[in-house]
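If you read the protein sequences in the order shown, they are chains A and B. The numbering used here applies: residue 18 is where the first sequence begins, and numbers increase by one. The numbering used here applies: residue 244 is where the second sequence begins, and numbers increase by one.
Hints listed in this document are in silico derivations from the structure and should not be mistaken for laboratory results. Heads up, some of the hints might be wrong.
Negatives, chain A to chain B, calculated, CB over 12 Å [to be verified]:
#, residue
1, 30
2, 36
3, 54
4, 85
5, 129
Straight-line alpha carbon distances no greater than 27 Å define the calculated DSS-like cross-link-like pairs of lysine-lysine that follow [what the hints assert, rightly or not]:
#, chain 1, residue 1, chain 2, residue 2
6, A, 74, B, 285
7, A, 31, A, 95
8, B, 285, A, 28
9, B, 285, B, 300
10, B, 285, A, 31
11, B, 248, A, 74
Cβ atoms here follow ideal geometry from the backbone N, Cα and C, with glycine treated the same way.
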Amino acid sequence: GAGVSQSPRYKVAKRGQDVALRCDPISGHVSLFWYQQALGQGPEFLTYFQNEAQLDKSGLPSDRFFAERPEGSVSTLKIQRTQQEDSAVYLCASSPEDSNQPQHFGDGTRLSIL
Amino acid sequence: QQQVKQSPQSLIVQKGGISIINCAYENTAFDYFPWYQQFPGKGPALLIAIRPDVSEKKEGRFTISFNKSAKQFSLHIMDSQPGDSATYFCAASISGNQFYFGTGTSLTVIP
Numbered sequence: 018g019a020g021v022s023q024s025p026r027y028k029v030a031k032r033g034q035d036v037a038l039r040c041d042p043i044s045g046h047v048s049l050f051w052y053q054q055a056l057g058q059g060p061e062f063l064t065y066f067q068n069e070a071q072l073d074k075s076g077l078p079s080d081r082f083f084a085e086r087p088e089g090s091v092s093t094l095k096i097q098r099t100q101q102e103d104s105a106v107y108l109c110a111s112s113p114e115d116s117n118q119p120q121h122f123g124d125g126t127r128l129s130i131l
Numbered sequence: 244q245q246q247v248k249q250s251p252q253s254l255i256v257q258k259g260g261i262s263i264i265n266c267a268y269e270n271t272a273f274d275y276f277p278w279y280q281q282f283p284g285k286g287p288a289l290l291i292a293i294r295p296d297v298s299e300k301k302e303g304r305f306t307i308s309f310n311k312s313a314k315q316f317s318l319h320i321m322d323s324q325p326g327d328s329a330t331y332f333c334a335a336s337i338s339g340n341q342f343y344f345g346t347g348t349s350l351t352v353i354p
């Protein structure tokens, strides 16, 4: 498809397990963003890539969260030793370049930690 | 600390009416202000955006009004339709590197 694709759409994990969430941005998009959206809240910034370079990771809530984009296209958000407070929808967005180009969002991965 | 404050939290409008959602910010370094529409189970979709060098931008039934001195901006949806029922988010960014979102407004348009 032409849009941002995220997988899986739903993920259930037990507390303490590691999870990996995948984002396929729109082809050719330089910038890639990860957000966390709690129920009834707006998306909160986690991290930002320009090509393969992670330029800002100030929003990652703890060192259990790790993101990578090794070839400048697909990105993975990994959460280690998951906690119940990690339950949220994780959104990925991409844009052609920085400088305020419109962000195109995927439909997110809904993560539930039991 | 919430960088962008959004109100109201929820809004009910009759079909054909005007829906108005307001946002306020503090950081004068923000230079891009988009509005997003989100349906349940979907990601946010860009509706309309404005930069601080203009006071108003209109696209179809959607208008952004921007007041730089008051550090406020608002979304107006004219001739609101039931299909407009969704959650709306304002956002602000500095050079597109990090976006700060409001807490969202749940809009219901009743026929």
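A quick look at each hint next to the structure:
1. 30: At about 20 Å from chain B, residue 30(A) clears the 12 Å cut-off, so the statement holds.
2. 36: Nearest chain B Cβ is 19 Å from residue 36(A), so the label holds.
3. 54: violated, 9 Å
4. 85: Given that every Cβ of chain B is farther than 12 Å from that of residue 85(A), nearest at about 19 Å, it holds.
5. 129: About 14 Å separates residue 129(A) from the closest Cβ of chain B, which puts it past 12 Å; holds.
6. 74(A) - 285(B): holds, 24 Å
7. 31(A) - 95(A): Holds. Residue 31(A) to residue 95(A) sits at ~15 Å (cutoff 27 Å).
8. 285(B) - 28(A): holds, 16 Å
9. 285(B) - 300(B): Roughly 26 Å separates the two Cα atoms, so the pair holds.
10. 285(B) - 31(A): Status holds; Cα separation ~25 Å.
11. 248(B) - 74(A): holds, 23 Å
Going down the numbered hints, you'll see the structure goes against just number 3.
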